[in-house]
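Engineer: Starting from the known structure of chain A, arrange chain B on it as the hints suggest.
Number of protein chains: 2
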Amino acid sequence: MKFISKIKITLRKGILDVQGKAVENALHSIEFPMISNVRIGKFVELEIEANDKNQAYELVDAACKKLIANPIIEDFEIELFEV
Amino acid sequence: MKFISKIKITLRKGILDVQGKAVENALHSIEFPMISNVRIGKFVELEIEANDKNQAYELVDAACKKLIANPIIEDFEIELFEV
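Chains as they are written, first to last, in the numbering used here: chain A, 1 to 83; chain B, 101 to 183.
If we strip away everything but chain A, and leave its shape as in the complex, we get (with noise of 0.2 Å):
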């Protein structure tokens, strides 16, 4: 079965976010001193091949450990949809 997979990954609260701050300031320095607290992470897309739903999970949370997010700085979600 094929899946598609959708990861947000998110700094962790309590780690600083220069990128979000830098974004931040630009916004406030343009029309829109409205915002605040910017915050940016990465969103992944992928596809996965397995037997079932259980055994993408367990494989997209694998990956996401080892290599797709840093999980001493960052969370991550997982979403998973049947094709």
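Hints listed in this document are in silico derivations from the structure and should not be mistaken for laboratory results. These numbers come from a predicted model, not from an experiment.
Below, a list of computed lysine-lysine pairs in the DSS-like style, where the Cα atoms sit at most 30 Å apart: (1) A:K2 / B:K121; (2) A:K6 / A:K53; (3) B:K121 / A:K66; (4) A:K8 / B:K142; (5) A:K2 / B:K108; (6) A:K6 / B:K165; (7) A:K6 / B:K106; (8) B:K166 / B:K142; (9) A:K8 / B:K153.
Structural biologist: This is chain B only, laid out in the frame that chain A set:
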């Protein structure tokens, strides 16, 4: 009123995703040959002060077009939640 916005930014179809391809090759070289079509985008979270949800949406949409995303090569999808 205060809103939280979550924005998914993805490379448009047809735009070569070199970062995604590199991650895919790395996944294939460890124990994940069943993963394919890796595409890497951005996931932005921010807070915004606005009079109502429509105004908040318009402001976030304008900020994405002007600074947060690159509309020539990226698509974006905005979610808004009142806090």
